[in-house]
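Student: Turn these sequences into a full structure, and let the hints steer you where they fit.
These protein sequences, in sequence, are chains W and H.
The first sequence begins at 61 in our numbering and counts up by one.
The second sequence begins at 61 in our numbering and counts up by one.
There may be inaccurate statements among the hints.
The list treats identical chains as interchangeable, and a pair is accepted whether it falls inside one copy or across any two copies.
Straight-line Cα separation of at most 25 Å, SDA-like style, residue types lysine to any residue; simulated pairs [unchecked claim]:
hint: 1; residue 1: 249; residue 2: 135
hint: 2; residue 1: 350; residue 2: 87
hint: 3; residue 1: 358; residue 2: 218
hint: 4; residue 1: 276; residue 2: 347
hint: 5; residue 1: 233; residue 2: 142
hint: 6; residue 1: 358; residue 2: 348
hint: 7; residue 1: 276; residue 2: 350
hint: 8; residue 1: 233; residue 2: 162
hint: 9; residue 1: 233; residue 2: 148
hint: 10; residue 1: 358; residue 2: 88
hint: 11; residue 1: 249; residue 2: 230
hint: 12; residue 1: 214; residue 2: 347
hint: 13; residue 1: 350; residue 2: 274
hint: 14; residue 1: 249; residue 2: 218
hint: 15; residue 1: 244; residue 2: 271
hint: 16; residue 1: 350; residue 2: 234
hint: 17; residue 1: 358; residue 2: 142
hint: 18; residue 1: 358; residue 2: 168
Keep in mind that the hints were calculated from the coordinates and are not lab data.
Listed below are the residues making up each chain.
There are 2 protein chains.
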Amino acid sequence: MNIISLVVWTLEKNCFTVYTALIVCFVGFTIFHKNKLEAHYRSAEKKEKLARTAAVRKERDFRDDSDEDPELLVPAIPEDTPHIVYQPPRRTDDEVLRRSREYYELMAQRRTVRTFSAEPIPQDVLDNLIKTAGTSPSGAHTEPWTFVVVQDPKTKEAIRNIVEEEEELNYSKRMSRQWVTDLKPFSTKPVKPYLTDAPALVLVFRQAYSWRPDGKKRMHYYSEISTAIAAGFLLAAIQYSGLVALTSTPLNCNARLRALLSRPANERLELLLPVGRPHRDATVPDLGRKPLQEILLKI
Amino acid sequence: MNIISLVVWTLEKNCFTVYTALIVCFVGFTIFHKNKLEAHYRSAEKKEKLARTAAVRKERDFRDDSDEDPELLVPAIPEDTPHIVYQPPRRTDDEVLRRSREYYELMAQRRTVRTFSAEPIPQDVLDNLIKTAGTSPSGAHTEPWTFVVVQDPKTKEAIRNIVEEEEELNYSKRMSRQWVTDLKPFSTKPVKPYLTDAPALVLVFRQAYSWRPDGKKRMHYYSEISTAIAAGFLLAAIQYSGLVALTSTPLNCNARLRALLSRPANERLELLLPVGRPHRDATVPDLGRKPLQEILLKI
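Tutor: Structural data, given as structure tokens:
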């Protein structure tokens, strides 16, 4: 019996009964599957949101939220910015060789230090360090960084409390056992006296975007890599000047430290660097670095 | 009329017709909603997969793929690594101030250059630059980087072909119109003569993980930020030595350049830096940098 003949047959038999049954059944089925259908639409929405905000990190930089109205397509920096001749002092091969060796020897002495002397750092020095970080290249010259330099003892104490609370949870619950094990040789622990001992804490915030004078959102292309390169310039400047630092990435502290320091929604904490002079009893693990042939491939 | 009395009433009227209609209706409804229900299950699965592989970038570093068998929980670096006294030369405040200023003044002269002189760079210089990059700090001292230095003209040509092909697609299809507009002041274009003109190309690869001598996978915690900081050290060394570079992030070139240079599956291209001396006619856009008070917050 095919469906059409069945329908004709049932219509002949009892029209009212069949249509009532159909309606009851349809309503019943819809109620029965309601949750799943709703979940479908909800999850599709969530999936899209998730894909928009996360997925391949690079992809995030592809699109901005602007409507791309051609009228609004003006570059963040004026398009007619003049180009000027760039002729830095020319150095001979011998000079370049000597300087590259000298710089390597200085940088090779750098170590991450976990115990600091309380001696304060002159404000002009801190200014020069941050100015040096600010010379770093960035995607489309967006300079997507904010450096918060904390010397106030009460604020350092508040930062220490937040980091220690989160670190306690990181070590006990959030990090893999292998990770905690891999950190053992460094004597890292959830208690962080250096956050109050070091004379200055530099908190490196990355700006994912900013606002242009015309009110349009300005995307910061490659803001992660740009901000980390700037942190490299900062660490190099600290070493060159004769100070030391601890390179730390406070896990899960972004929201609370951002709130504490009143940083806006477009900024995210990437690094926290205590800076100062090493404590007179400072020690470091006796580690080597990979030999050149392990990190360099010549073609 | 409530549902129960309706059902009783229809049963009295014509049992067979009603049940046939119910079955037809149920099957029909299921077929009608089949796609949505399937999509629901598919999307839930995809959502989970997406959340697992991407989502918060930091999360990726939380877990490794190891089974966390306590027997295998040995740190990548020996746990009993001795700690040694670290006493770098102590510099007075005046010295620190002088050096921080001197370093800032040198770094402030750095510019991204897009036209290079063909003069070769001595191999020892390139070695010193990469050795300096290798002094950079890294998560749990994993040193998650490989620097591929290309001087061979044929390989440079092959790299240029790949980058130009991908860039043509990036500019015409993959990048937002706003992004392409924001790049106009820099005179960037899909044609990249500097990839064959510069005497050396440094390709910075990040290792997401490596293999320990015991065959266990070694996770490279914070490999993105560590590799970018090392690139900062490298750019600083290039500037200090008296050379110039172009900081570029070749979009969508990872797979093809990785294949060309035979890099393993655990490595990902992060940056491509042509290095050399500027062409005698080199120009740069006449840009300023943000003033200190825009990038520094003192607390």
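Student: Of the numbered hints stated earlier in the document, which are not met by this structure?
Tutor: 2, 5, 8, 9, 10, 12, 16 and 17
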